[in-house]
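Those protein sequence lines, which keep their order, are chains A and B. Count the first sequence with my numbering and you get residues 203 to 554, in order. Count the second sequence with my numbering and you get residues 203 to 554, in order.
No wet-lab data here; the hints were simulated from the structure. Treat the hints loosely; a few may be bogus.
Because identical chains share one entry, a pair is satisfied inside a single copy or across any pair of copies.
Unchecked claim - Cut-off 20 Å, straight-line C-alpha distance, at most; resulting in silico cross-link-like pairs (SDA-like, lysine to any residue): (1) 549 x 502; (2) 542 x 306; (3) 542 x 391; (4) 217 x 329; (5) 542 x 517; (6) 549 x 477; (7) 217 x 504; (8) 549 x 307; (9) 217 x 385; (10) 217 x 228.
2 protein chains.
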Amino acid sequence: MDDITENVAIDAWVKAFSRSRAQANAPHEADAELIELSGAPGQLLAITIDTVAEEIEAGLYSDPYTMGWVTAMASLSDLAAVGAEPLGVVVSASVPAGCDPALVEGIGRGIEDACRSLGVHVLGGDSNATPAISLTGCAVGLVPEDEVITRRGLAVGDALFLTGPCGTGNALGLARLGGLPNEFYPEARYRPSARLAAGRNLRGRATACMDTSDGVLATLDQLMRLNGHGFEIPCDWSRLIDASVLAFCDETGTPAWMMLAGPHGEFELAFTVAACDEEDLSLVAGDWPTRPIRIGTVQERPAITLVLGSGRRADIDMAPLRNLLDTAGGDFTRYLREFKELGSAWKLDEQS
Amino acid sequence: MDDITENVAIDAWVKAFSRSRAQANAPHEADAELIELSGAPGQLLAITIDTVAEEIEAGLYSDPYTMGWVTAMASLSDLAAVGAEPLGVVVSASVPAGCDPALVEGIGRGIEDACRSLGVHVLGGDSNATPAISLTGCAVGLVPEDEVITRRGLAVGDALFLTGPCGTGNALGLARLGGLPNEFYPEARYRPSARLAAGRNLRGRATACMDTSDGVLATLDQLMRLNGHGFEIPCDWSRLIDASVLAFCDETGTPAWMMLAGPHGEFELAFTVAACDEEDLSLVAGDWPTRPIRIGTVQERPAITLVLGSGRRADIDMAPLRNLLDTAGGDFTRYLREFKELGSAWKLDEQS
């Protein structure tokens, strides 16, 4: 865990705080915090907080609607990953004093549309005047204690799934950081949805689950570090990556692996189920808005092993890529260059 | 309500969002949002979110410990005002990339000490790198549905109380904005505490309650607007204002009324009880860390009426003072000048 600078930074915060005896999860081990509820035996309160500011500062989102949409979805996605039923969302919105009213209006519409698409409501919030835009969402929900899903619990031989194809977050990120015109990957195409229905169905079924908000490979890397086992994944981009994202890769000559290895994800769930439960899963998944995609298997060895078409097996080390945002110190040109160098060394191009 | 620009700004946000049928409070009417809990009949979930950024930007807090302390207390105080029992706090901390580790450490200690002083725990959070410091706390708790306290419900003749003397927030604010050296009002003296024990005891007793985080007179002004009735308050600064704050006023020649009329408050509760319940209140208040102070009475007429020593009665109009932060557009010199002009017209000096 300590090879990842973000984990170390989180631990520095965690160390400052004493732990509640009512808390059901350990640090890092669930997408949302889980608390025993006196007065509601058998239920856990799930709560999570998430700030959208860096993405705006970096220029990934310029449409206020996207900013609002992602703020709501980011926290609802954490509820999905633990299998919780949302009670609602509270939002703290900080925007510059005297800003265009269209900014506030657009952020509000984005939040509301995201919530409404999932039958969730904004309960209230706070607003502040600050030099830069910063939006914080906090979602709260309930989950039955004996069916709660965490990031820990997978076993060797479990099947690894995504709730849907990924890569839209990194396509948007790369298009914007690379200075490509909006039409190469329109911001309005990035409307990732929290997988609440899937999370509900995965209660008592998934052996581990985490959302892909930090990118698919960073998510799998974190699950690997938490569980001590890795994944074997047939390297078939057309299964793993969204079709519009693959088209973007073709059009711009971008290697497909970057869509999974980059840090700007979306809100699919990466989850594991015992092999014997796979058939059961395909039955319950009938109601999901997306088809779950089986992408691999849990292996004993703590490594992410991509199996290429040639039969070659490539262990990919995500640590230097995950740490690069810190290493590069906000220099996106350097970030992109070193990111490409690190991933190119994996020699996955034969597949793309 | 619409005479106050902040209320109008909040309504603009509220209008953007559809309302949950499970929500027990209307907009503006409670310090925390109140949600029915399926699975816990008779209990409401209380949740609130609050960002500390403007105060840091304006230079009110320069010690990271204060920033953390206030972040935790601000959201816990909202739980106190509805009578809720905290389940915990989640925090989103945004600090500049590569900042002095002492900043993170100080913020963390401030949050932890504030929580620990009230037997509450931090459950988790989020951290981000942003150009300016911004700290968001979200507190969550439970309150029995039939005893919940809101800002509405007071009746003519009810007794008006504070949980303790006020003014520390405005003393700090004025000392910092006025450029006074720290020793005139040391930042470390500003350690306001959420009145959770009082809030618990006021369940089923208080007819209305709101914390003084926006200053005492703004709080009373808001309670007046929400309830349609005002307050008659004998103008005795030594009952209303903290002794250290009165000493600061003496030393610096600052009019005492500014300590109640300014916008930077603390976390006492302003609450009303039916006159017949006053004796009962003095019994339960034995366990509070402060003595409740009876400061006035609810009057029919929607006005805040200060009764001076001379017997003169002064109706004070808080609307222009509450709106001044917007009117002055971040120009603190102008703000302070116009603030003094507006309040001086009340001619309360004979009392100070």
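A quick look at each hint next to the structure:
no.	hint	verdict
1	549 x 502	neither (24 Å within a copy, 80 Å between copies)
2	542 x 306	neither (37 Å within a copy, 32 Å between copies)
3	542 x 391	neither (24 Å within a copy, 52 Å between copies)
4	217 x 329	between (30 Å within a copy, 14 Å between copies)
5	542 x 517	within (17 Å within a copy, 69 Å between copies)
6	549 x 477	neither (30 Å within a copy, 80 Å between copies)
7	217 x 504	neither (26 Å within a copy, 50 Å between copies)
8	549 x 307	neither (46 Å within a copy, 42 Å between copies)
9	217 x 385	neither (45 Å within a copy, 33 Å between copies)
10	217 x 228	within (12 Å within a copy, 38 Å between copies)
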